[in-house]
Amino acid sequence: MQFQLDAPWIPAWGIHYTVGVDGISLFMVLLTTLLVPLSVLGSYSYITTRERAFYALMLVLTSGMIGVFVSLDLFLFYVMWEVMLIPMYFIIGVWGGENRIYAAIKFFIYTMFGSLLMLVAILVLVYIVAQRTGAYSFSYTSVLAHAGGLGPAAFWLFGAFFLAFAIKVPMFPFHTWLPDAHVEAPTPGSVLLAGILLKMGTYGFLRFALPLFPAVALHPMVQTGIVVLSLIGIIYGGLVAMVQPDFKKLIAYSSVAHLGFVMLGIWALTLQSVQGALMVMINHGISTGALFFLIGMLYERRHTRLVAGFGGIAKVVPLFAGVLTIVSLSSIGLPSTNGFVGEFLVLLGAFKTYPVAATIAAAGVIVAAMYLLPALQRVIYNPLDKRENERLLDLSPRELAVLLPLVACIVWIGVYPKPLLRRMEPSAQQLIQTVRAASATVARGR
Amino acid sequence: MPPPGFRLDLLWAVPALPLLGFVGNGMLALTRPKAKTAVSIIGVGVLVLSFAAAVAAVAGFVRLHPAAPLVFRYWEWMPVGDLRVDYALELDYLSAVMILVVTGVSALIHVFSVGYMGEDPGYARYFAYLNLFVFFMLTLVLGSSFPVMFVGWEGVGLCSYLLIGFWFNEKINADAGLKAFVVNRIGDFGFLVAMFLIFRHTGSLDFDAVFAQAPTAFTAGDAAITATTLLLLLGCTGKSAQIPLYTWLPDAMQGPTPVSALIHAATMVTAGVYLVARCNVLFALSPLSSATVAGVGALTALFAATIALKQWDIKRVLAYSTISQLGYMFLGVGTGAYAAGLFHLVTHAFFKALLFLGSGSVIHAMHHAYHATHSHEDAQDLRNMGGLRHHLPWTAGLMWIATLAIAGIPPFSGFFSKDEILGAAFARGTAEPIWLAYWVMGIAAALLTAFYMTRLMLYAFHGPNRTGEAERAHLHEAPWSMTGPLAVLGLLSFAGGVINVPALFGGHAFFRCSGRWRCRPESNGRSSSLRCSWRGWASSGRCGCSSPRRSCPRGWHPRSGASPESSGRSGTWTRCTTRSSCSRSSGSRARCCGRRSMRGSWTA
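Chains B and P supply the protein sequences, listed in that same order.
Numbering-wise, my numbering puts 96 at position 96 of the first sequence, and it's gapless, one number per residue.
Numbering-wise, my numbering puts 450 at position 450 of the second sequence, and it's gapless, one number per residue.
Hints listed in this document are in silico derivations from the structure and should not be mistaken for laboratory results.
It is possible that part of the hints are untrue.
In silico contact screen, one side only, chain P against chain B (beta carbon under 7 angstroms); selected entries [unchecked claim]:
#1 L178
#2 V193
#3 F196
Model, not experiment: these values are computed from the prediction.
Quick reminder that beta carbons are idealized off the backbone N, C-alpha and C, glycines included.
One chain only, chain B, in its complex shape:
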């Protein structure tokens, strides 16, 4: 942990304002600070009503997102988790599409359900630790140090954390809020939802669920169950994406598949797979963020997101088609784009622990090509048979300014990911060692 700051907040209950970053959270923070300005730039023409409220909420959302990634105090973490939930609820509910109220409420109930359980778990955990140490403390390091040997309680506590994070990821079968929320959310909302909010779930697993309850997390039953759910996410997400008529919904389901890779990588718990999972988290933010921007740009021009509403537009908007092609290729994991680095490392590492699961997940690579490329073909290739598509405008300089940084990241991370990998390695290494050692101790005790 670096750049740590510790200030008492509610000293009577041992609540501190403690923040800091390590190799895991650093890149999540950087991803947030990359995507938020781009979203603001991208929403310039999309958000045309109540602009002041919108941008104010965006700023609150940003504080919440960064807060979640840097919190080293369980109470602060919970507060930040909620702080980010409320602005997103309003962004979907006020500036969303036709069915926005339904989507916003669904999103809110799902997430709230998980986070309340998490609050209970945090309180119980702190209470147990306080009984051992004699003083209340929500400090992450202190809880972590004294959370060993919880016995059967660990299972229920892990379950509560698991639900909160699994809904957020979202893992199959808790994913049904995601397509609705994505389809209804305005472009900047979708970008941040996919780019950052989903990563909070996987980040939560890495930061809290795994280190706090290693024995439960590495219990063969739990481990197998989560790996199977990840695989279902990869394959089922891809298959459902294949038949979506709405481009935005297609991308939403592809997120389920991508996050399946992340979960597989985390639970395989080898150095390559965990670093791969971290890379997929970053890459998914970049590629899917860019895809949502691109769909938003199409929507602004044509007011439809249906794949069937387009066709052959590469001829009219070559620049748009070129960027969409690059981003799609990155999303399906073509080597020399960022997508490959993450998925390759996840699969390579997971193959050591779970050869069969990694092989099935590798088949997801075929599925990825089968849902994204046909959609790409139906949008930018094929005959230009719709009159209203003949006069589409190509990307404006402002839109290029939104997309080019993301395209640059796609190529840069694909060709030279070493700066990222090198900074993640110590943290990932430490995490794996802690979890493995702790779970081994418990296993011996049994």
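Please build the complex by placing chain P on the supplied structure of chain B, with the hints as guidance.
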């Protein structure tokens, strides 16, 4: 890096130049698509320079004659724990042959494209894609590890997808491109899982480390190595259009004809053969996989030839013919005759590129004739041709050379290469009868090849003309930019066989040295082990580079104090020239002693 005068330091430029061309032409395609002269100069220029760089590098390499592949490391790609993947290029005899073929044939086809695609509105985009393809193809053959090779492997698939669907406003073209990509991805799945297996067993993905450790990491003939090699074979069948993943190649003919010549005949589709040859150490460890490779090859050779008999589309005949000839190459490398398989790859690149470009010249003429009369007849249907030799004399003559070559008529190039493959299969058949069956299938396919090619030539160029009265006046020979490359390829198709003339006629050792570790299981009753030696590929004859690698693992050794990180950029080197001059120093690094070594320093 090595001593001045060898020009090996130009190796990075060989793939980098086409990439530069892609960037330049891509910019032009988006900003000034009408600037055709600039596009032609960039597109063809980078390829000519790249070919020159390849020649210089290979010439330096041959003069140096190192005992082991030269590896040039540029930067670390994915360093994670015990995984080390570098962006590194590797030059050995195998990749030397491949880069010469790829850059040479590509340069000719780029020149041809200037004439063929001259009137297309997507001219700049076309050259951008074509340049990008050459970059990925060179990455594929020069990559020094499985992941870097995979970059090229999927990259060429991407360019194939983009170029098959080049005229994307027709659904059939876009569909064909998509089909090619998805079918290739099924093969790539095999490649991926094979990589995971290799990493799990050997702990590395670098060719050198994997092949050095394979004999100890795997037990010969066991399930792990068989699974690995069969998964690699799945990747190869996808890329090289072998049974069961051959179906995309005939559809791929929707792309522009020079693309068919370059990607779907001369270079990309041979990547599978290259992969098997590259991994010969692994395949040698699994007799079952080797037999499967040969079996898939023989079956595909025969099966595709029978389909070619009844095709009316001139390009589809050639597409099935390509599948069939690729089958021969698989038969060759599966038999263990790697030199023969690679030899056929080279000669096939010449004559099949010539056939495709010749058919392109025919289609060009037919298309113009039909265009002039506003007819909607099919310009690619053999039934609409006939008697074209009067209108396209150069094309007709040159295509006959290629036809005789592919049919295996001596002394044309195809005779020598096909003969070597069939000879090797027959020789192996004396010990293992299954190879006799493969040999019979190969002979039958050779007969069918002669038949369907002669059929194509007679329908297209001989007999009465069926194009139509009005159209006939518009049939004319293509411009020099198209016939020029045809003539060069004609020369190569005729005389390409001299590269590897069999010992019977004097012999030549060009491919002999392109070997690696050869391993065979040895049993002494109780335990079995592997005996490995560094050999050339030819089963007979001397090879200039027969120094064993155990004691001298690398041609170039970083000397004292050079850490692995710095060894790629600069340092001092020692070159071992003979086996006896190698010894192990106190550290783990081999050192040369004695007079027969060279020393110096480099910076990369």
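A quick look at each hint next to the structure:
1. Proximity of L178(P) to chain B holds as hinted, the smallest CB-CB distance being about 6 angstroms (cut-off 7 angstroms).
2. For the restraint placing V193(P) at the interface with chain B, the shortest Cβ-Cβ distance is roughly 5 angstroms, inside the 7 angstroms limit, so the hint holds.
3. For F196(P), the interface hint holds, since its Cβ comes within 7 angstroms of a Cβ in chain B; the closest pair sits about 4 angstroms apart.
When held up to the earlier numbered hints, the structure conflicts with none and fits them all.
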